[in-house]
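J.: For the first sequence, my numbering gives the first residue as 1, with consecutive numbering after it.
Keep in mind that the hints were calculated from the coordinates and are not lab data.
Among these hints, one or two may not hold up.
Think about it this way: if two alpha-carbon atoms lie no more than 25 angstroms apart in a straight line, the pair counts; the simulated BS3-like pairs of lysine-lysine are [stated by the list, open to error]:
1. K832 / K16
2. K25 / K152
3. K795 / K16
4. K25 / K632
5. K192 / K152
6. K362 / K393
7. K84 / K425
8. K25 / K409
9. K16 / K640
10. K709 / K832
11. K832 / K795
12. K25 / K646
13. K126 / K152
14. K372 / K389
15. K84 / K126
16. K362 / K372
17. K709 / K632
18. K366 / K393
19. K632 / K646
Ranges of calculated distance between the beta carbons of each label pair, as one might list FRET restraints [as the list claims (entries may be wrong)]:
20. G336 / E423: 16 to 26 angstroms
21. A334 / G270: 27 to 37 angstroms
22. M600 / E788: 17 to 27 angstroms
23. A156 / A672: 54 to 64 angstroms
24. D291 / D604: 50 to 60 angstroms
Cβ atoms here follow ideal geometry from the backbone N, Cα and C, with glycine treated the same way.
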Amino acid sequence: MAFSLDLNHPIRVPEKPALEGLEAKWMARWEESGAYRFDRSRPREDVYAIDTPPPTVSGSLHVGHVFSYTHTDIVARFQRMRGKAVFYPMGWDDNGLPTERRVQNYFGVRCDPSLPYDPNFQPPDKPGKQPISVSRPNFIELCTRLTAEDEKAFEALWRHLGLSVDWGMTYATIHRRSQRVSQVAFLRLLLKGHAYHVEAPTLWDVDFRTAVAQAELEDREQPGAYHRIRFARPDRAGFVDIETTRPELIPACVALVAHPDDERYKPLFGTDVVTPLFGVRVPIKPHELADPEKGSGIAMICTFGDVTDVIWWRALSLPVRAIIQPNGALRPLAWGSEGWESVDAGRAQQAYDQLANLSAAKARAKIVELLKESGDLVGEPRPITHAVKFFEKGDRPLEIVSSRQWFIKTMVFRDALLERARELKWHPSYMQARLENWIDGLNGDWCISRQRFFGVPFPVWYPVLEDGTRDYARPILPPEDRLPIDPSTDVPDGYRADQRDRPGGFGGDPDVMDTWATSSLTPQIAGGWLEDPDLFARVFPMDVRPQAHDIIRTWLFSTVLRSHLEFGTLPWAHAAISGWVLDPDRKKMSKSKGNVVTPMALLDEHGSDGVRYWAASGRPGADTAFDPGQMKVGRRLSMKFLNAAKFILSKCEPRGAIRYALDAGMLHNLKAVVRESTVHLEEYDYTWVLQRVEMFFWDFCDNYLELAKARRYGDFGAAGAASANSAMILALSNLNRLFAPFLPFVTEEVWSWWQPASVHSAPWPNSADIEEVLPIQSSYDQYVRVSEVLGEIRKRKAEARLSPAAPLARVHLRNSEELDRKWSPEIIADLKAAARTEQLVFVPDASFDVAIEPTQERSA
RNA sequence: GGGCGGUUAGCUCAGUUGGUAGAGCACCGGCUUUACACGCCGGCUGUCAUAGGUUCGAGUCCUGUACCGCCCACCA
Numbered sequence: 001m002a003f004s005l006d007l008n009h010p011i012r013v014p015e016k017p018a019l020e021g022l023e024a025k026w027m028a029r030w031e032e033s034g035a036y037r038f039d040r041s042r043p044r045e046d047v048y049a050i051d052t053p054p055p056t057v058s059g060s061l062h063v064g065h066v067f068s069y070t071h072t073d074i075v076a077r078f079q080r081m082r083g084k085a086v087f088y089p090m091g092w093d094d095n096g097l098p099t100e101r102r103v104q105n106y107f108g109v110r111c112d113p114s115l116p117y118d119p120n121f122q123p124p125d126k127p128g129k130q131p132i133s134v135s136r137p138n139f140i141e142l143c144t145r146l147t148a149e150d151e152k153a154f155e156a157l158w159r160h161l162g163l164s165v166d167w168g169m170t171y172a173t174i175h176r177r178s179q180r181v182s183q184v185a186f187l188r189l190l191l192k193g194h195a196y197h198v199e200a201p202t203l204w205d206v207d208f209r210t211a212v213a214q215a216e217l218e219d220r221e222q223p224g225a226y227h228r229i230r231f232a233r234p235d236r237a238g239f240v241d242i243e244t245t246r247p248e249l250i251p252a253c254v255a256l257v258a259h260p261d262d263e264r265y266k267p268l269f270g271t272d273v274v275t276p277l278f279g280v281r282v283p284i285k286p287h288e289l290a291d292p293e294k295g296s297g298i299a300m301i302c303t304f305g306d307v308t309d310v311i312w313w314r315a316l317s318l319p320v321r322a323i324i325q326p327n328g329a330l331r332p333l334a335w336g337s338e339g340w341e342s343v344d345a346g347r348a349q350q351a352y353d354q355l356a357n358l359s360a361a362k363a364r365a366k367i368v369e370l371l372k373e374s375g376d377l378v379g380e381p382r383p384i385t386h387a388v389k390f391f392e393k394g395d396r397p398l399e400i401v402s403s404r405q406w407f408i409k410t411m412v413f414r415d416a417l418l419e420r421a422r423e424l425k426w427h428p429s430y431m432q433a434r435l436e437n438w439i440d441g442l443n444g445d446w447c448i449s450r451q452r453f454f455g456v457p458f459p460v461w462y463p464v465l466e467d468g469t470r471d472y473a474r475p476i477l478p479p480e481d482r483l484p485i486d487p488s489t490d491v492p493d494g495y496r497a498d499q500r501d502r503p504g505g506f507g508g509d510p511d512v513m514d515t516w517a518t519s520s521l522t523p524q525i526a527g528g529w530l531e532d533p534d535l536f537a538r539v540f541p542m543d544v545r546p547q548a549h550d551i552i553r554t555w556l557f558s559t560v561l562r563s564h565l566e567f568g569t570l571p572w573a574h575a576a577i578s579g580w581v582l583d584p585d586r587k588k589m590s591k592s593k594g595n596v597v598t599p600m601a602l603l604d605e606h607g608s609d610g611v612r613y614w615a616a617s618g619r620p621g622a623d624t625a626f627d628p629g630q631m632k633v634g635r636r637l638s639m640k641f642l643n644a645a646k647f648i649l650s651k652c653e654p655r656g657a658i659r660y661a662l663d664a665g666m667l668h669n670l671k672a673v674v675r676e677s678t679v680h681l682e683e684y685d686y687t688w689v690l691q692r693v694e695m696f697f698w699d700f701c702d703n704y705l706e707l708a709k710a711r712r713y714g715d716f717g718a719a720g721a722a723s724a725n726s727a728m729i730l731a732l733s734n735l736n737r738l739f740a741p742f743l744p745f746v747t748e749e750v751w752s753w754w755q756p757a758s759v760h761s762a763p764w765p766n767s768a769d770i771e772e773v774l775p776i777q778s779s780y781d782q783y784v785r786v787s788e789v790l791g792e793i794r795k796r797k798a799e800a801r802l803s804p805a806a807p808l809a810r811v812h813l814r815n816s817e818e819l820d821r822k823w824s825p826e827i828i829a830d831l832k833a834a835a836r837t838e839q840l841v842f843v844p845d846a847s848f849d850v851a852i853e854p855t856q857e858r859s860a
């Protein structure tokens with residue numbers, strides 16, 4: 001079905017077209033007309049569904065957001081013009097630690113999950129000095145209230161930028177709907193055996209006092225020191241030296257370990273040594289993970305200094321001597337009561353008393369003193385710098401603390417997930433390796449419980465036994481139709497509220513889910529998985545997940561995992577990975593720097609289309625420099641488009657068949673631009689397309705319009721004018737639509753001058769529509785050659801310090817090219833007019849390409 | 001230690017299957033030209049990181065190296 005222009009539509013071109021105010025004008029009209037509303041009557045194959053990244057609401061949007069969200073919008077607009085019903089929702093990630101911290105400070109409250117909900121609670125006007133304790137539901141109400149303000153500001157920015165989002169589909173990760181999806185999905189995993197809880201050593205942040213997941217770790221280079229520590233044989237007949245960076249964990253030591261083939265230690269396997277200061281007997285064990293090259297080749301295993309300790313502890317079935325508390329301090333400990341055996345309990349207690357309640361760092365300094373005094377420190381500590389694991393949002397090194405946590409199984413699905421990674425179409429393709437790498441490196445299941453408040457609670461209670469302890473083996477689960485629930489205030493079926501935390505009663509699970517445990521369900525949340533199965537069937541699996549590369553291991557991985565476990569499918573067919581915005585000095589643009597230039601100020605200064613033009617220069621996956629110069633170029637392009645359109649539309653009659661070689665040549669090229677642009681946009685290569693279209697457009701303005709101008713004014717008769725007018729109108733129609741995904745405001749403005757409806761609902765250009773009106777014999781070659789000659793003439797004029805408009809008596813042109821001999825009288829007339837020359841003389845075998853001869857009047 | 005990407009003009013980047021190195025910006029010069037001074041025309045700019053190899057021919061393909069960036073790792 002060929003697209004046809006409405007040529008009877010009245011044409012109204014403003015006297016002085018301007019870019020100012022286009023954003024306000026068109027974002028209001030788009031809202032009014034519902035231009036971007038999802039048409040949910042369309043079947044799945046006609047839908048293009050986007051799993052939009054929900055930005056974190058606890059801060060402000062920065063230039064990086066503007067950059068990457070523009071990429072998605074370009075693709076969305078393209079697909080819409082291709083005839084797809086575009087499902088393009090917006091989400092807000094208001095769930096999680098950053099919001100929690102902000103709400104505490106803003107309202108002066110603290111969450112106490114043990115309190116009951118107070119429906120009449122109002123926060124004080126000004127936060128007091130002492131935080132007020134509130135229940136978890138009250139706390140969440142405050143979070144919702146505060147984030148609603150931010151969300152308004154975010155939406156205003158997105159509208160101003162021109163994102164073609166359907167604002168009727170908006171979700172927030174803390175909303176009831178998201179909580180319900182999170183809880184239902186969790187319960188189903190639990191019932192299938194894919195989720196479990198267990199008391200185990202867990203990565204732990206001592207400041208937030210919560211468990212964290214492997215995906216949330218980062219390494220930081222920290223100063224440290226190797227300490228060489230002497231462990232004596234029980235009979236004092238010999239000793240073994242180990243090296244450690246964490247001597248404060250000697251009281252937590254449960255064994256020494258060396259490589260099974262290490263000749264130095266082979267004789268010692270199966271024997272014991274005693275720990276310095278504490279006199280605890282620990283065995284010497286072999287394990288192939290011990291590296292003979294490191295330190296003294298024999299290591300101390302503590303519960304727990306790092307993840308290797310956990311591996312050894314599990315593999316060698318060692319006991320637990322945990323000393324680090326959830327707050328990071330060494331716990332008070334009465335020697336002997338825990339069954340610890342010491343050859344000298346009195347001395348052990350005396351040493352340990354000096355460490356108890358100190359933070360790990362302080363305890364380290366203290367124990368070094370003690371070891372020096374006792375002579376168990378060999379030599380001086382040797383300072384080093386080494387990588388230490390941190391929670392990515394944390395300030396102190398992670399500890400490993402034994403605690404009860406919820407997990408989703410990942411290890412058993414590794415092969416299947418690798419298969420999914422390969423099944424997904426990545427843009428750019430090399431990003432696939434990031435996910436494969438991550439899956440290969442997984443070393444444990446995904447810990448999803450957090451000891452925080454503002455998040456989705458686990459919908460689980462436990463029976464409280466007669467001795468007051470909880471019976472974790474028999475969790476009490478609500479039926480799905482009760483969800484979402486908050487076990488800290490809701491009561492399980494068959495119990496009364498006053499049985500909470502009483503023997504014979506019940507207790508609620510105190511934890512909330514990791515923010516990724518909810519975010520990993522964005523396709524389900526946005527698509528209406530539970531409450532709107534009809535919608536869900538039309539949008540899932542979705543077409544594309546746009547996101548940045550730094551959260552492949554978290555958001556992308558977890559979404560693939562959840563979809564795989566729940567539906568046995570990928571959540572989307574494509575992953576479009578955006579890069580970062582870099583400072584001019586090539587560093588990742590930090591939030592603080594990004595806030596110096598607020599996005600809204602950028603949009604005001606350069607226009608949304610100008611900023612989008614810059615954003616479109618960043619190809620998928622490529623980190624891109626922040627470049628106001630490019631925004632200015634984009635603005636100039638927009639202005640140029642306004643003026644070119646004004647010129648074309650200022651005189652559209654007469655119209656008729658396109659018979660002139662110049663017109664056909666230009667359109668011949670346009671046909672190729674359309675065809676190639678379509679292919680590249682299908683592959684998410686929007687950068688290439690904008691460059692190609694832009695290059696066409698500048699040539700169109702500089703050469704074609706200049707060459708066809710006089711003829712178009714009717715200087716050479718009606719047929720010539722008709723051909724030019726028709727070609728220009730056709731070119732404008734195509735350019736208007738080719739630019740539309742990139743420059744939505746200026747293209748909509750121009751379209752409104754001469755066509756009904758919105759350019760954004762007009763069909764994407766089709767090269768066949770151009771082919772149809774071209775003469776059978778059409779080629780680009782002659783057009784290119786004439787343009788080149790015009791350029792040469794301009795160059796000669798510039799060299800002669802003449803105005804490009806200066807009239808010429810003669811242009812001499814070397815006539816050696818086969819092509820030139822075929823020039824028609826019509827194209828020569830166009831060239832003469834554009835060059836302002838009275839004569840064009842072909843000189844066979846001349847020594848020059850082009851020579852010019854000014855008129856006499858000029859010099860007179 | 002493993003993996004991925006990059007290195008082309010002063011800056012930001014294109015460069016399809018190998019075939020005479022490109023664009024924009026910046027800079028310099030010219031031009032008030034009936035779409036556009038928020039403009040137009042023109043000019044300058046290169047050891048394509050580096051060493052080798054394949055080839056008639058390499059920015060492009062192969063191997064090694066250096067540097068930059070990112071991701072990952074069991075970092076005692």
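J.: A separate judgement is required for each hint: does it hold in the structure or not?
T.: Going down the list of hints, with the structure as the test:
1. K832 / K16: 30 angstroms, violated
2. K25 / K152: It holds: about 19 angstroms lies between the C-alpha atoms, which stays within 25 angstroms.
3. K795 / K16: Not OK: K795 and K16 at ~31 angstroms, beyond 25 angstroms, violated.
4. K25 / K632: 21 angstroms, holds
5. K192 / K152: Since the Cα atoms of K192 and K152 sit roughly 40 angstroms apart, the hinted pair is violated (cutoff 25 angstroms).
6. K362 / K393: Given pair K362, K393 holds - Cα atoms ~22 angstroms apart, limit 25 angstroms.
7. K84 / K425: Roughly 20 angstroms between the alpha carbons, so the hint for K84 and K425 holds.
8. K25 / K409: 51 angstroms, violated
9. K16 / K640: 12 angstroms, holds
10. K709 / K832: 11 angstroms, holds
11. K832 / K795: Holds. K832 to K795 sits at ~15 angstroms (cutoff 25 angstroms).
12. K25 / K646: 19 angstroms, holds
13. K126 / K152: Judged against 25 angstroms, a Cα distance of about 23 angstroms means the pair holds.
14. K372 / K389: 28 angstroms, violated
15. K84 / K126: 50 angstroms, violated
16. K362 / K372: 16 angstroms, holds
17. K709 / K632: Distance of about 28 angstroms is beyond 25 angstroms: violated.
18. K366 / K393: 28 angstroms, violated
19. K632 / K646: 21 angstroms, holds
20. G336 / E423: 16 to 26 angstroms: At roughly 58 angstroms between Cβ atoms, E423 and G336 fall outside 16 to 26 angstroms, so the hint is violated.
21. A334 / G270: 27 to 37 angstroms: With Cβ atoms ~31 angstroms apart, the hint holds.
22. M600 / E788: 17 to 27 angstroms: 45 angstroms, violated
23. A156 / A672: 54 to 64 angstroms: The hint (54 to 64 angstroms, Cβ to Cβ) is violated, given that A156 and A672 are roughly 40 angstroms apart.
24. D291 / D604: 50 to 60 angstroms: 59 angstroms, holds
Violated hints for the displayed structure, listed by number in ascending order: 1, 3, 5, 8, 14, 15, 17, 18, 20, 22, 23.
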